[in-house]
Amino acid sequence: MNSLKRIFIYTFLSVAAIVSIFPFLWMLTSITNKSVDVTQGRLLPGTHLIENLKTLFATVDIVPALINSSIIAVITTFLTLLLASLAGYGFEIHRSKGKDIVFTILLLSMMIPFAAIMIPLYRMFGSISETAPLIGIDSLGAVILPTATTAFFIFFFRQNTKMFPKDLVEAGRIDGLSEIGVFFRIYMPTMKTTYAAAAIIAFMNSWNNYLWPLVILQSPEKRTIPLLISNLGSSYSPDYGVIMSAIVIATLPTALVFFLMQKHFVAGMMGSVKG
Amino acid sequence: MKKFNLMFVAAASMAALAACSSGDEEASGGSGAEGSADVDEITAWAWDPAFNIAALENAKEAYNGDGDYEVNVIENAQDDIIQKLNTGLSSGTTNGMPNIVLIEDYRAQSFLQAYPDAFHPLTDVINAEDFADYKIATTSFDGEQYGLPFDSGVAALYVRTDYLEEAGYSVEDVTDITWQEYIEIGKDVKEATGKNMLTLDPNDLAQVRMMIQTNGSWYVEEDGSTPNIAGNETLEAGFETYKEMMEADIAKIVSDWSQFVGAFNSGDVASVPTGNWITPSVKQAADQSGNWAVVPMPRLDMEGAVNASNLGGSSWYVLNVDGKEQAADFLLNTFGSNPDLYQTLVEDIGALGTYSPAAEGDAYAVEDEFFGGQQLITDLSTWTDEIPAVNYGLHTYAIEDILVTGMQDYLNGAELDTVLENVQGQAEAQLK
Amino acid sequence: MSQLGTKKAEVDLPVRTKYEESRRQKTGVFFKKKVGWLFIIVSVIAITIFNFYPMVQAFLLSFQSGMGANLEYVGLDNWRRLFGDPTFIAALTNTTIYLLIQVPLMIVLALFFSVLLNDPKLKFKSFFRIAIFLPCVTSLVAYSVVFKYLFGIDGIVNQFLLNFGLIPQTINFLADPFWAKVVIILAITWRWTGYNMIFYLAALQNVDKSIYEAARIDGASSFQQFFQITVPMLKPIILFTSITSTIGTLQIFDEIVNITNGGPGNATISISQYIYNLSFEYTPDFGYASTVSYVIVILVVILSIIQFRVAGEKK
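Residue numbers (this note's numbering), protein chains in the order written: chain A, 13 to 287; chain B, 20 to 451; chain C, 7 to 321.
None of the hints are false.
With a straight-line Cα cutoff of 25 Å, these simulated BS3-like cross-link-like pairs (lysine-lysine) come out: (1) C:K215 with A:K204; (2) A:K109 with C:K241; (3) C:K40 with A:K109; (4) C:K215 with C:K127; (5) C:K241 with C:K215; (6) A:K17 with C:K215; (7) A:K66 with B:K302; (8) A:K204 with C:K127; (9) B:K214 with B:K271; (10) C:K131 with C:K215; (11) A:K174 with C:K215; (12) C:K129 with A:K17; (13) A:K204 with C:K131; (14) B:K262 with B:K209.
The hints are simulated quantities; they were obtained by calculation from the structure and are not laboratory data.
The shape of chain A in the complex, shown without the other chains (with noise of 0.2 Å):
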């Protein structure tokens, strides 16, 4: 019975893995290939990686692509982990009705589309331009500011928070911790699997953003890797494998980023939380 049940699990996962893997894995493949192949659906490794390759680098520059991109990525999720775990926190933990009406309408900014409220945001970058050219049109905090901030992360700490422990807040009171020193001491170190999740998610959304650094950003070396892959595509006779390179350079930090945070998520690490 448990040997069967162990079979089942084992095949279940394994097929769900191979149905995942399946695109990567052709995304892989397509970039050794021809542009011809791959529009054909070609599944084999060709041998055209290289000619790929160099021709990327000969007609984008993606290393200052992928540098915009890093810095943009790394400072949204310090920003959105560090602002969205405080606010999560004091939510949750220091919960009062007013805070509670509060949360309820800050939710209420997660459910509009984006491309609706991106004309008055863009009206309010541009009339900053001249004053704090930094934050205006066309500099990277302007593509910083607006996502890092975002109910989602903090409706997720907040229910994350609904989890922990709370006479662990008690304990480091006793102990003649601050409010904030709890929240740095105690919590955080807690949280860390929360956080470990909510950077994989935040470095993804902002890495992957398109549509407010396409509208904000004008000059072609701040461009992000999205808006170059974008432009990559844009050709009458656009050349699949050398897009396809494009497109797995630009995936590998996501990936990378996973894998270095998906370390944290091992079962029974954590055991019964003791701080």
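Based on these hints, arrange chains B and C on the given structure of chain A.
Same frame as chain A, but now just chains B and C:
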């Protein structure tokens, strides 16, 4: 613990900074819209590095005016340009807008009318007579010429001569034919070679668009906004022809651009009826050199229809921001009056403009080995002059999205009249 | 101000006499309230500036109409127009279908994966975790191309079904209004299940393992453990993922544009795609586009209230 407090304060003051800076938002803004100050750098946006961007670079080289400024060429995907322009222009912030921008002809009227003061008229700058009629119709509005016509977009039928031969046809047999004749040939080709005659994408009615323009008709009336669907005989003929092609089983169904290109690159289809900008993609399959020829677009079997049409194509526009004089000067002394530039455009990138004085140049007469020694550019240029002028108006893509649904119904057996009346009704409801 | 408050707390906390205790609680409550606001203030300000201010602007826009910059107030005209607009109704219907089928399917799958992958005895855990998360990082372009080929007329799926005699003839999945929707639902599920799994995996680390130990001793089956321990323990996160997935699916855009572009006809068009078309693809009418956006807001608000109620978090 001090450290943590510091971080907290830092974070708080950052937010305060952001709050302050957004406070004075009404102060500036909309700067430069009226200005006419000299600038020493102008910016141009376009898409496709191998085509439009290369054309701009060539234009920089060929500039023969006496202005003293830099031209900064920036590549953006077409969809990206549309989003950036719309966002910028509608927010009233000219900050970050380019001086010169390339806009597809189908969208031109919509930009010109949606943002009336955003574009700088070129009426006194260029000589409209020098350009093909159908281009002038789409790039002007309210008596003013706004666009400088560029990429022709002349439609043509690219054919595989080897497949035709196998089925017993010559290039002459597919020259100046009707769509009905084309379908018959297609059936024979399929029988002889097993290859489909063309690709069709049921979500893209480009074929229908090209068909109806051969008879000078469009989705909208002359006024550019009233839907012209129900009772539009040309459109009816286009729909019928499209259905015949589907039912004759001579079309390979594709669902996106890469499959479309893949189909002719891999030799799966015997012909490609499309815009002339496809030439580089066709040539991509070098092993097929010598097996291709280009003939005029088939026409609808109607009184007055001609063997010339258009697909896509785009033109240059100058935005009404600081540097507009320089931008106009740049365009005039390049695409506006410089026949030599057009020779290089043809030689270097295969880009065909619609500037008539350029057609006499040597580069236009070059024989193309890939197309069996055909004087491709001369031919395309001749057909360009015959394209019927239509007003694409404001709603090409909006109506087409409704038409696509109608086409589905029609292919599934609905009455054509009912389908088109439905589309007409829906279009009128949606385009208030 | 924060510094002052902090010092005060430090002085207060160790004092344990009964009198002092009650005094502490009084000032403590007052103080705790204030410091509580400090935790959230930055986020509240930022979200107000970057979300609510533009949202109010968008709301005002929803009562205007016109081409591009030529907007004028039309009162409730846009709202009336919604009901006579067949494209909007198609988009709303499609989006609702996606939502009703896809969100529950994905949540259950993600929960299931995370519980399996949380088993300490499972081998190759890292591999499975990475594999199931990979669709999230795979680029849309790659994945939409692959889906188109998989479900093409001579695609692998058709060949597979034909060979096993499950269908009499090939199905043109992407050209059929019903099957195109199925493909979209599969695609969204494929892409976002791993994403939701992350949230569950993280939350499961915070669940006290000794509860499972006790349940096992009491003879509870894995099935019972799942429904009687895991699901109730994870309730806050399940609520979180179902609300965010609802929002995500109601705003679904990329998958549809890349895989079917709304077709055949408008059999797969979503509300967000329609908003995009109204703003950028057609002659722009940002007023009407805002109205359609607010339909999404209204739907999400209603569904979130229902979800909160079901989860029993708020009265």
